[in-house]
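Residue numbers (my numbering), protein chains in the order written: chain A, 1 to 243; chain B, 1001 to 1243; chain C, 2001 to 2243; chain D, 3001 to 3243.
In case anyone wonders, no lab produced these hints; they're calculated from the structure.
Beta carbons: idealized from backbone N, C-alpha and C, even for Gly.
Hints are not guaranteed to be accurate.
[Stated by the list, open to error] Listed next, the in silico DSS-like pairs over lysine-lysine satisfying Cα-Cα at most 25 angstroms (straight line):
#, chain 1, residue 1, chain 2, residue 2
1, D, 3120, D, 3107
2, D, 3120, D, 3110
3, C, 2239, B, 1239
4, C, 2239, D, 3120
5, C, 2110, D, 3110
6, D, 3107, D, 3017
7, C, 2107, D, 3110
8, C, 2107, D, 3107
9, B, 1239, A, 120
10, B, 1107, A, 107
11, A, 110, B, 1110
12, B, 1017, B, 1107
13, B, 1120, A, 239
14, B, 1110, B, 1120
15, A, 110, B, 1107
16, D, 3239, A, 239
17, C, 2120, D, 3239
18, B, 1120, B, 1107
19, A, 107, A, 17
20, C, 2110, D, 3107
21, C, 2120, C, 2107
22, B, 1110, A, 107
[Said to hold, decoys possible] To spell it out: a stretch of chain D is covered by chain B in this simulated footprint if at least three of its residues, at any positions, have a beta carbon under 8 angstroms from a beta carbon of chain B; those stretches are:
#, segment
23, 3140-3153
24, 3187-3199
25, 3220-3226
26, 3229-3239
[What the hints assert, rightly or not] Now the in silico label distances, taken between C-beta atoms and shown as ranges:
#, chain 1, residue 1, chain 2, residue 2, range
27, B, 1060, D, 3075, 56 to 64 angstroms
28, B, 1003, A, 232, 38 to 46 angstroms
29, D, 3105, C, 2021, 41 to 49 angstroms
Number of protein chains: 4
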Amino acid sequence: MSTTPRILVWNEYRHEKQHAAVAAVYPDGIHAAIAAPLRAAGFPVRTATLDEPEHGLTESALAETDVLIWWGHMAHDEVDDAVVARVQQRVLAGMGLVVLHSGHFSKLFKRLMGTSCDLKWREADERERLWVVAPGHPIAAGLGEYFELPREEMYGEFFDVPAPDELVFVSWFQGGEVFRSGLCYSRGAGRIFYFRPGHETYPTYYDANVQRVIANAARWAAPTGGPVLAFGNRAPLEKLTLT
Amino acid sequence: MSTTPRILVWNEYRHEKQHAAVAAVYPDGIHAAIAAPLRAAGFPVRTATLDEPEHGLTESALAETDVLIWWGHMAHDEVDDAVVARVQQRVLAGMGLVVLHSGHFSKLFKRLMGTSCDLKWREADERERLWVVAPGHPIAAGLGEYFELPREEMYGEFFDVPAPDELVFVSWFQGGEVFRSGLCYSRGAGRIFYFRPGHETYPTYYDANVQRVIANAARWAAPTGGPVLAFGNRAPLEKLTLT
Amino acid sequence: MSTTPRILVWNEYRHEKQHAAVAAVYPDGIHAAIAAPLRAAGFPVRTATLDEPEHGLTESALAETDVLIWWGHMAHDEVDDAVVARVQQRVLAGMGLVVLHSGHFSKLFKRLMGTSCDLKWREADERERLWVVAPGHPIAAGLGEYFELPREEMYGEFFDVPAPDELVFVSWFQGGEVFRSGLCYSRGAGRIFYFRPGHETYPTYYDANVQRVIANAARWAAPTGGPVLAFGNRAPLEKLTLT
Amino acid sequence: MSTTPRILVWNEYRHEKQHAAVAAVYPDGIHAAIAAPLRAAGFPVRTATLDEPEHGLTESALAETDVLIWWGHMAHDEVDDAVVARVQQRVLAGMGLVVLHSGHFSKLFKRLMGTSCDLKWREADERERLWVVAPGHPIAAGLGEYFELPREEMYGEFFDVPAPDELVFVSWFQGGEVFRSGLCYSRGAGRIFYFRPGHETYPTYYDANVQRVIANAARWAAPTGGPVLAFGNRAPLEKLTLT
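Pulled out of the complex, with its shape left as it was, chain A reads as follows (with noise of 0.2 angstroms):
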């Protein structure tokens, strides 16, 4: 499908208006900074955030998507099972999906990952650099053989996810961490792109090499327009006859 795919950003949207520190970085809101250089690269992107009726991801909403960006982290238990079920079953049916940053911990990313996503961190103004281990990888596109945060939230591993079908970065962490931190998957007819970089109270999103990750990113994620998943009792294709 060579159309230009439809965004949804979902953000959290609890730290900006509660921390102060988060609210001068991000004055409207984390995914207003993710969705502003998506929308000049000419995507047409919405948001949606926790608080709003079933958390702005209505099956209207969700229909109109082809690709959901998700940032989250203190309230992770407030999202609704039934939402994470729904908006599981539009991945597994092909709606691509980006995780960001804490979102390593949302019921939706545990559940589509069956482990418990668990990892380590540390908050220490810490220089992250993040090199591409698949040059070739369509999510690279643009970048330089790295990048660097001067100064981001540490994840270290053992990162407690599948492994992925392509790793594309591995962050080294000033500390003396390393970390997986661009993992791509494929659920079903969906693709999940996580992203490790993005605490709150650094001005990541707006770091040009980030967006230019989740644009690729989004672009990857796309639906691809495949057969449609069919299960279930069948008559058989052949009616052989075996000797």
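We have chain A already, so just place chains B, C and D on it with the hints.
Just chains B, C and D now, kept in the frame of chain A:
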């Protein structure tokens, strides 16, 4: 860990009590038929069934289990969610899991995969031929290039599971379908093998090749004694001064 | 890179000149039959054949190629080693490669895979049914759950290639075999797709589904514009003082 | 196959004879340092070096070898192409291969990978920390979450090898780089492990964790006794009459 893994064979054990055709094939239950050749091969084997307290999957039972083998079909919904969560945690902590045939639709397997685990099927006494596509994999030890089951239920693609870490078998079916029928996954510190054959009305678990695969899978899935998983807030390992 | 990839279709072009049965199916050569629908789909397409100087694979020809499509069979040994090395280098630097059918035994593919690339085969006018096992993959765009070729050469497992990064198709054959028939690989910055169908005596390359797969594969394999590969001795990026 | 694999440790054995600094660390050769702990662990171990006839890799030597361990650096080009082809064939037929450190640039490894196997490097007495990213893998048995080497040569990404079937270790380096440093591959019926550490001027092969990894890798890579690979023209397995 070089010791022989302790196996727990779990069986729903309903078909055998309700359907004469199944009881005729597996008079002591499918679990007994699976356990016998494993015992003969030297594994310590216990069994557990759905209608036991906590389905026989108590904390203490799991604590003494290195590899759990799972057969279920008609009563997936009766497996208690708390028990499913307990078993999932054990798998992530390193216990091996071998899921057989209709276990693809168990709560446990669906939860570990994160997908619908749905497929196409047909009961028509068809020939299945399982081809080895990973000849160096330990689960293929002792096999020929393929083996046949004269009559089995058909399972056909698309099988809605994550792409496996390693694909060991692909099945050919008489009616025109194929199926990825031997799938290896790592989840947390645990290893999972899904093996397709084993419909309850056929004597599949008396087949020498099937028995060999299950024994190989138990050895492969056994805990390896690697690092204990640890997560959470961490002090830096380096106190670096950047220039 | 959003521009349409420039395709070079390479064909050995010997069968068509030596065997009337093949000339009857492909009077202008297999390359012409592959090129026509790609041109119709809007790709800039050139062709090259074995008996041209440097097999038509000069430095300048490759410099203008984003995706190379390869068909060869009876004259693999006549392909010059220096040209093979040149093409391999281009693939590692990012050029896409689509290897068709008997190209599995080309010097180029064997060199890129590192294995024998051997398989089982039979010419017996058999039905082949290709099942999609990666419904979200862009190479499956526009297809149904499977497609059939009424008569093809059989290729059977074990196919001695590395496990693919992504497995898109699995073939069922009338005579009892299966084959992993659509395989994605990344090598260096380049992307490689192996696609099984296309025996020279059958009109396979006139099949609409086959044409669609080849066009999809060309788009998928096109250079992505990622980081230029760089190697060698490097100064440290951090001048760290360890504690 | 439950018997203990027979190991052949191959070493170029030139640095030790030409450079006093290396001889001071490995007075009996790197091969001796690698072999000793393997013997202590109960493996039958022989050694071979470049300057022996046929580099010590005769048909009969390979016939008695289950796992070959390879260290080379300054004389890769002196390894005879015919010997390389012979070893490659043995690997595809099922012999295990463990390639150490600078062996990444050996003819053998490059031929098996199909890529340049190039990387970034620096000799600067840097700390390396190897993180386990596959805690359930048998090659991580007995390790902690990470282990450190106080001084090593740096190897940095992009490492131009195929994405591994399983990624076991990722290294952190003091100077700001990361490296995929423990890589599992299957090729034919053989299993290959690449392990990064081991520069000739450092006492790396006396490190207990490094020794453990090499022993684990030898067990993992040992032949599994699966089907013998067979190829070529085949009669159909089914004489099917299609409807």
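Hint by hint, here is what the structure shows:
no., hint, result
1, D:3120 - D:3107, "holds (18 angstroms)"
2, D:3120 - D:3110, "holds (16 angstroms)"
3, C:2239 - B:1239, "holds (13 angstroms)"
4, C:2239 - D:3120, "holds (17 angstroms)"
5, C:2110 - D:3110, "holds (13 angstroms)"
6, D:3107 - D:3017, "holds (22 angstroms)"
7, C:2107 - D:3110, "holds (15 angstroms)"
8, C:2107 - D:3107, "holds (17 angstroms)"
9, B:1239 - A:120, "holds (17 angstroms)"
10, B:1107 - A:107, "holds (17 angstroms)"
11, A:110 - B:1110, "holds (13 angstroms)"
12, B:1017 - B:1107, "holds (22 angstroms)"
13, B:1120 - A:239, "holds (17 angstroms)"
14, B:1110 - B:1120, "holds (16 angstroms)"
15, A:110 - B:1107, "holds (15 angstroms)"
16, D:3239 - A:239, "holds (13 angstroms)"
17, C:2120 - D:3239, "holds (17 angstroms)"
18, B:1120 - B:1107, "holds (18 angstroms)"
19, A:107 - A:17, "holds (22 angstroms)"
20, C:2110 - D:3107, "holds (15 angstroms)"
21, C:2120 - C:2107, "holds (18 angstroms)"
22, B:1110 - A:107, "holds (15 angstroms)"
23, 3140-3153, "holds (count 6)"
24, 3187-3199, "holds (count 4)"
25, 3220-3226, "holds (count 4)"
26, 3229-3239, "holds (count 4)"
27, B:1060 - D:3075: 56 to 64 angstroms, "holds (59 angstroms)"
28, B:1003 - A:232: 38 to 46 angstroms, "holds (44 angstroms)"
29, D:3105 - C:2021: 41 to 49 angstroms, "holds (48 angstroms)"
The structure meets every hint from the earlier list without exception.
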